[in-house]
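Based on the sequences and whatever the hints tell you, model everything.
2 protein chains.
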Amino acid sequence: MDGEAKLPMRSDCPVNFTVEILGDKWSLVLMRDILFWGKHTYGELLNRDERISTNILAARLEYLERQGLIQREPDPKDKRKDRFRATERGIELIPIIVEMVAWAAKHEGWHALGPKGSPGQMSLIRRAVNTKNKYPTIEKFKEKVRKGGYIFEDFA
Amino acid sequence: MDGEAKLPMRSDCPVNFTVEILGDKWSLVLMRDILFWGKHTYGELLNRDERISTNILAARLEYLERQGLIQREPDPKDKRKDRFRATERGIELIPIIVEMVAWAAKHEGWHALGPKGSPGQMSLIRRAVNTKNKYPTIEKFKEKVRKGGYIFEDFA
DNA sequence: ACAAGATACTTGTATAATGCAAGTGAGATA
DNA sequence: TATCTCACTTGCATTATACAAGTATCTTGT
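Residue numbers (the working numbering), protein chains in the order written: chain A, 2 to 157; chain B, 2 to 157.
One thing to keep in mind: the hints can contain errors.
Note that the list lumps identical chains together, so a pair holds whenever it fits in one copy or between two copies.
[Stated by the list, open to error] Cross-link-like lysine to aspartate or glutamate pairs, in silico, EDC-like; alpha carbons within 16 Å at most: (1) K107 with D13; (2) K107 with E93; (3) K26 with D13; (4) K82 with E45; (5) K107 with E89; (6) K40 with D76.
Please keep in mind that the hints were generated in silico from the structure rather than gathered at the bench.
Everything numeric in this text was worked out from a predicted model, so none of it was measured.
Encoded structure:
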């Protein structure tokens, strides 16, 4: 997680490309927090269920910014804080995240964790698994985030 | 990568669930090899562009089997070999992988690696990025693998 | 104005995941 | 039956992640 070069990828395959950027334990979870739950500050991202460590969060935020998935800007109301918002490249991760939700929802192991999802979460899951309105739903999600909102805004 | 328990997940979120299972540098790349390229033996999986190490491959294959994504069976023609085939749970990863292809294809960094893709690979990419026929294409992919084939069969 | 708390970090150290190189034993091949 | 192929294992180096404690800057309440 230092000043590594971007290019020496293991191959030219697009699957490998995406895995090399996002294939870790935190990147997509943090993008979920920003895109779906509207968590935009260090403190908000820190106090989530997964309990990321402070040093890992700082390193990951710098990494995601370097990868062009988020942008950092000072909070106008509190000079201690920065706000992290998704770039267009980050917003385009929504389809991947939705398919991950659909995959989890289809398989037993996740349900065994208990039906602790909020109504908003469950509502998304139903739409994500339902092929009929999956793609229009995803487009609405992207549009909402582009306008400065977040996906679970209406259920929060 | 030892005999770890499955359940103590960091949260009950379906995104986190999927990330905890697939969020590493190799799982999805290996599933790509099996599902898209029809690579089914240790040796075939070892000799791919990404150059996985022998010990990592052995550990990952055991892991993917333990996660119920692949199934191991002896090769009928060569007693030294096993064959690894995707389970239904593994086949259901295809939509995630396709969205990862679409994401890479949309963004500059991947194209900078050079247009080294085979015609078959490029053909998939075009269809994966095109929302119109994405869903039926993905369903055909799944059906093909369920019948014992692999996605790039016809272009190989 | 000032003390106390909040916020976003850093630092130090431990464990886990990944990477590399060199073996090894069972089974196929000539 | 000698050699080669194949699927590994072992040992060690490096990188990523985890945990606990500390620190500098800014805000808040009095």
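Evaluation of the provided hints:
In the homo-oligomer, the alpha carbons of K107 and D13 lie at most 16 Å apart only across protomers (14 Å), although the nearest pairing inside one protomer, at 31 Å, exceeds that limit. In this assembly of identical chains, K107 and E93 lie within 16 Å of each other by CA distance solely across copies; the values are 9 Å between and 23 Å within a copy. Proximity of K26 to D13 under the C-alpha cut-off of 16 Å is restricted to the inter-copy arrangement: shortest distance 15 Å between copies versus 23 Å within a copy. Within a single copy, K82 and E45 get their C-alpha atoms as close as 11 Å, which meets the 16 Å cut-off; across copies the closest is 50 Å, which misses it.
In this assembly of identical chains, the alpha carbons of K107 and E89 lie at most 16 Å apart only when taken from different copies (11 Å versus 29 Å within one copy). Proximity of K40 and D76 under a CA criterion of 16 Å is satisfied intra-copy only: 13 Å inside one chain copy versus 50 Å between copies.
Checked against the numbered hints above, the structure violates none of them.
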